[in-house]
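Participant: Protein chains in written order, with our numbering: chain A, 1 to 478; chain B, 1 to 295.
Take these hints with a grain of salt, some might be off.
[Stated by the list, open to error] Straight-line C-alpha distance at most 25 angstroms; calculated SDA-like pairs for lysine to any residue:
| # | chain 1 | residue 1 | chain 2 | residue 2 |
| --- | --- | --- | --- | --- |
| 1 | A | 138 | B | 133 |
| 2 | B | 125 | A | 469 |
| 3 | A | 242 | B | 66 |
| 4 | B | 242 | A | 435 |
| 5 | A | 435 | B | 205 |
| 6 | A | 435 | B | 257 |
| 7 | A | 448 | B | 128 |
| 8 | A | 435 | B | 237 |
| 9 | A | 115 | B | 137 |
| 10 | A | 242 | B | 58 |
| 11 | A | 435 | B | 283 |
| 12 | A | 425 | B | 135 |
| 13 | B | 242 | B | 216 |
| 14 | B | 48 | B | 273 |
| 15 | A | 435 | B | 204 |
| 16 | A | 425 | B | 66 |
| 17 | A | 138 | B | 216 |
| 18 | B | 59 | B | 217 |
| 19 | B | 48 | B | 283 |
| 20 | A | 327 | A | 306 |
| 21 | A | 448 | B | 286 |
| 22 | A | 435 | B | 273 |
| 23 | A | 435 | B | 129 |
| 24 | B | 59 | A | 411 |
| 25 | A | 435 | B | 217 |
| 26 | A | 409 | B | 217 |
| 27 | A | 425 | B | 136 |
| 28 | A | 242 | B | 224 |
| 29 | A | 435 | B | 216 |
| 30 | A | 242 | B | 286 |
| 31 | A | 409 | B | 58 |
| 32 | A | 242 | B | 205 |
| 33 | A | 242 | B | 129 |
Worth flagging that the hints you see were computed from the coordinates, not collected in a lab.
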Amino acid sequence: MASAFEYAPAPESRAVVDIAPSYGLFIDGEFTEAAEGKVFKTVSPSTEEVLSEIAQAGEADVDRAVKAARKAFEKWSALPGSERAKYLFRIARIIQERSRELAVLETLDNGKPIKETRDADLPLVAAHFFYYAGWADKLDHAGFGANPQPLGVAGQVIPWNFPLLMLAWKIAPALATGNTVVLKPAETTPLSALFFADICRQAGLPKGVVNILPGYGDTGAALVAHPDVNKVAFTGSTAVGKAIARQVAGTTKKVTLELGGKGANIVFDDAPIDQAVEGIVTGIFFNQGQVCCAGSRLLVQESIQDELLDSLKRRLSTLRLGDPLDKNTDIGAINSAEQLSRITTLVEQGEAEGAERWSPSCELPSSGYWFAPTLFTNVTQAHTVARDEIFGPVLSVLTFRTPEEAVAKANNSQYGLSAGIWTEKGSRILAVASKLRAGVIWSNTFNKFDPTSPFGGYKESGFGREGGRHGLEAYLDV
Amino acid sequence: MSDARLSVFKTYKLYVGGKFPRSESGRVYEVTDAKGKWLANAPQGSRKDARDAVVAARKAFGGWSGATAYNRGQILYRIAEMLEGRKDQFVREVADAEGLSKSKAAVIVDAAIDRWVWYAGWTDKIAQVVGGANPVAGPYFNLSSPEPTGVVTVLAPQESSFLGLISVVAPVIATGNTVIVIASENSPLPALSLGEVLATSDLPGGVVNILSGRTAEIAAPLAAHQDVNAIDLAGADDVLAKELEIAAADNLKRVLRPQPVDYNETPGIDRLTPFLETKTVWHPTGSLGASGSSY
Chain A
1 MASAFEYAPA PESRAVVDIA PSYGLFIDGE FTEAAEGKVF KTVSPSTEEV LSEIAQAGEA
61 DVDRAVKAAR KAFEKWSALP GSERAKYLFR IARIIQERSR ELAVLETLDN GKPIKETRDA
121 DLPLVAAHFF YYAGWADKLD HAGFGANPQP LGVAGQVIPW NFPLLMLAWK IAPALATGNT
181 VVLKPAETTP LSALFFADIC RQAGLPKGVV NILPGYGDTG AALVAHPDVN KVAFTGSTAV
241 GKAIARQVAG TTKKVTLELG GKGANIVFDD APIDQAVEGI VTGIFFNQGQ VCCAGSRLLV
301 QESIQDELLD SLKRRLSTLR LGDPLDKNTD IGAINSAEQL SRITTLVEQG EAEGAERWSP
361 SCELPSSGYW FAPTLFTNVT QAHTVARDEI FGPVLSVLTF RTPEEAVAKA NNSQYGLSAG
421 IWTEKGSRIL AVASKLRAGV IWSNTFNKFD PTSPFGGYKE SGFGREGGRH GLEAYLDV
Chain B
1 MSDARLSVFK TYKLYVGGKF PRSESGRVYE VTDAKGKWLA NAPQGSRKDA RDAVVAARKA
61 FGGWSGATAY NRGQILYRIA EMLEGRKDQF VREVADAEGL SKSKAAVIVD AAIDRWVWYA
121 GWTDKIAQVV GGANPVAGPY FNLSSPEPTG VVTVLAPQES SFLGLISVVA PVIATGNTVI
181 VIASENSPLP ALSLGEVLAT SDLPGGVVNI LSGRTAEIAA PLAAHQDVNA IDLAGADDVL
241 AKELEIAAAD NLKRVLRPQP VDYNETPGID RLTPFLETKT VWHPTGSLGA SGSSY
C-alpha cells in the first residue's frame, strides 16, 4: 500500500562511534588476546558488513578471568557501600554522556532501530546503574537482614536482543552488592560490552571487578561450569536454561534464569481499540519481536475480532521497515542469519499446519537479515506458532468468548513470563491479572520496563527476579 | 487368660486428597522404634501413589491459593488447636520414633504446635514484607505481589520426624501452595498421624498429601513430574539431592537445596520465600503522555 506519509531518509550519523578493527578479551582491567588465539567476526545484521574482529574466549581465558575476579573480590566486597555506589554513579553518568555513541553502536551491531536504542535501551541502561548505585550503601535496609553478604564471583551470560541493557541488568546489582563479575556477551553482539569495558576504565573501576569474555555457547558453558564461580545469572533460551540448571545441580552455586516466553496479549470487547492496537504493535514488533516477554499470542474476544484485525492490519501497513540507523525506522533487521532461518522455519511450519499468514506489502532490503511483520489468523492452541517461542516479528491471533476462556488459553503454555490485558473495566483487569500465571502483567500498556520494577517469570520462563529490591536477592547470601 | 486388655493396633495409611488410602502397591514396610522394637507396618508408597498425590494437590491448588490469607491463617491456627488436643498421642509417637524420653518428646511436640501458630500469623503478612509498590519513572501504577508457585514436593527431614516435618510443610502451605510430603523414611508414623489432624482441621483435602515409603523411590517420579512446580530437598542426602535437582531441571522446578537447620530455633522467612513467585502488574495512571488523553 502506498503510504500517505512518505518520509525522506533521516539517517543518524555513524561518525559518532569509532569501532576498532579488532578487540581483545577484557580481563583484569586489560584487553588481551585469547589464549588459543581464536577470533570471530561481528557483522551488522542490516548490511552484513563486518564491523570488527573479536577475540574468542576459551576455557583457559575463563579460568584467567575468574581468577582475576576472585582476586578483585576481596577488596571490592570490603569497600564501604558508599564507595562502591560512587563507582556505579560514575558509570551511570558516563553512559549518559556517551549514550549517543552507544546507541549508534548498538544499532550497528544488533540491527534494531536507532529509535529504540536511543529512546529505550540507553536511558534504561543508565537508569539501572543509577538505581542500583543507590542500593550499595543501603543493603542493611533492604529486608535481607543486617549486613547481607555478597556471593563472590558472578558468571553472567547474556543474549543478543538487548546487549547493553542485559549487561546493565546483570552487572549493576552484582557490583552494588559487592560481587565481582565475569560476563559473556552474545557472539553476534559483543561490541557494546567491550565499549562498556572502556567505560569501566574511564570510571576508574578497580581491575578485575568487571571482566568481559566474548565467545559462543561453549565459552558460556565453561563459565557456568567453573568451580570458582559462586553465582550464575543467565538470560536466554529455555533449553540452555535447563542445561544450566542441570549443570549446577549438587553445587552451592546460586542461579537465576530469565528464559523464554509466549506472552498472551488479551483484548476484551470493551478495550480502547486504538490504544490496544498500539499496544499489540509494541508488544510484538518492538525489537522485531526478539523479546522474551513479547506479546506473541494475541487473544481477542470473538465479538471484536474483525474490527480489531482490520485496525491492526491498517496499522501494520504504516510501519516502516529498513535502515535501522534511520530515525524514522520502526522495524529493523533480524539479529543474525541463524535467527532469521529459525523464524522462517517456524513461520513455514505455521502455514503448513493450516494457519493463515498475512503481512503488509513490504519491500525487504537486498542485503542483511530481514523479516516482514507477520500475522497468523485461524490459529488454534495446538499450532506450533501458538506454542513455540518464535522470537521474531510474528503474531499469532487466537480468539475467546469469556474471561475464563481467555485466562485458560493464556495460561496454556509452558512459559509464564508476561501477559497483557486490554479492557476499560477495572475489576476485570484485577481479576484477570490475579489469575494469569505470569511474572509481569501489563494492563492497558505493554513492554514497559523500569529499574525499580522486578522482572522475571513463572514456570519454564525461569526463576529469580531482576530489577527492584527483588533483584538484589540474587546476588546476596540470603 | 491374662487380665490385661489386648490393645487395638492402628493401621497406618497414607493421606492423599483428604482421604486415607492404603498404598496402591499393597506394600508395607516394618517401622521400629529406636531400639528396634516393632511399632507398625507403614504403607510403602509407590510411583502411582505419588502421581495420585500430584493430581490431588493440583486439584486443591485453585481453591487454596485463592482463599484469603486470613482464611489460610485461621486454618493453620486450627491445626495447632487440633494438635494441642491430641498432644499425648504425638508425644508417644515422637518418643518412639526418635528414641526420646517422654519429657523431651513433649518439648518437641509443643514446639511443633507453636510452629503452626507462627506460620498461621505469617499468611497475611508475608505479602507486605516481600511485595510492594515500585516507583517507576513514568505515569504507571506498578505493584509487585507474591503468589504461590503451585504444587510443591517436600522431602521431610529424616531425623526430625515431627518438628522437622512441620517446619517444612507449614511454610509451603502458609503461602498458598499445595504440597506432597514424603515422610521420614525410618520414622514415618508421626507424619502419618498428622494426616488425621489435618483432616479434622478445616484444611481442604489435597492441600497436604502425606506419603510414606522409600524416600528415593517416591521422590524420583515427583522430581521429574511435569505438574510439580517446586521441590524442597530437606530430607535428601547429597547424592539423592543432586540426582533430584537434575531431574527437576526438566521443567525448571524451583529447588530448595538441603541445608543445615536447627529445627528447634524459631525460623525466619527463609522457607516462605523459595516457593513464592513475584508478579508485577502495571497500569497507566491518568496521564498518558504523548497520546494526550487523560483521566
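Participant: If a hint holds in the structure, say so; if it doesn't, say that too.
Facilitator: Do the hints match the structure? See the list:
| no. | hint | in the structure |
| --- | --- | --- |
| 1 | A:138 to B:133 | holds (18 angstroms) |
| 2 | B:125 to A:469 | holds (18 angstroms) |
| 3 | A:242 to B:66 | violated (30 angstroms) |
| 4 | B:242 to A:435 | violated (33 angstroms) |
| 5 | A:435 to B:205 | holds (22 angstroms) |
| 6 | A:435 to B:257 | violated (29 angstroms) |
| 7 | A:448 to B:128 | holds (24 angstroms) |
| 8 | A:435 to B:237 | violated (37 angstroms) |
| 9 | A:115 to B:137 | holds (19 angstroms) |
| 10 | A:242 to B:58 | holds (23 angstroms) |
| 11 | A:435 to B:283 | holds (16 angstroms) |
| 12 | A:425 to B:135 | holds (24 angstroms) |
| 13 | B:242 to B:216 | holds (12 angstroms) |
| 14 | B:48 to B:273 | violated (30 angstroms) |
| 15 | A:435 to B:204 | holds (20 angstroms) |
| 16 | A:425 to B:66 | holds (21 angstroms) |
| 17 | A:138 to B:216 | violated (44 angstroms) |
| 18 | B:59 to B:217 | holds (24 angstroms) |
| 19 | B:48 to B:283 | violated (45 angstroms) |
| 20 | A:327 to A:306 | violated (33 angstroms) |
| 21 | A:448 to B:286 | holds (16 angstroms) |
| 22 | A:435 to B:273 | holds (20 angstroms) |
| 23 | A:435 to B:129 | holds (22 angstroms) |
| 24 | B:59 to A:411 | holds (16 angstroms) |
| 25 | A:435 to B:217 | violated (34 angstroms) |
| 26 | A:409 to B:217 | violated (35 angstroms) |
| 27 | A:425 to B:136 | holds (23 angstroms) |
| 28 | A:242 to B:224 | holds (13 angstroms) |
| 29 | A:435 to B:216 | violated (35 angstroms) |
| 30 | A:242 to B:286 | violated (42 angstroms) |
| 31 | A:409 to B:58 | holds (18 angstroms) |
| 32 | A:242 to B:205 | violated (33 angstroms) |
| 33 | A:242 to B:129 | violated (31 angstroms) |
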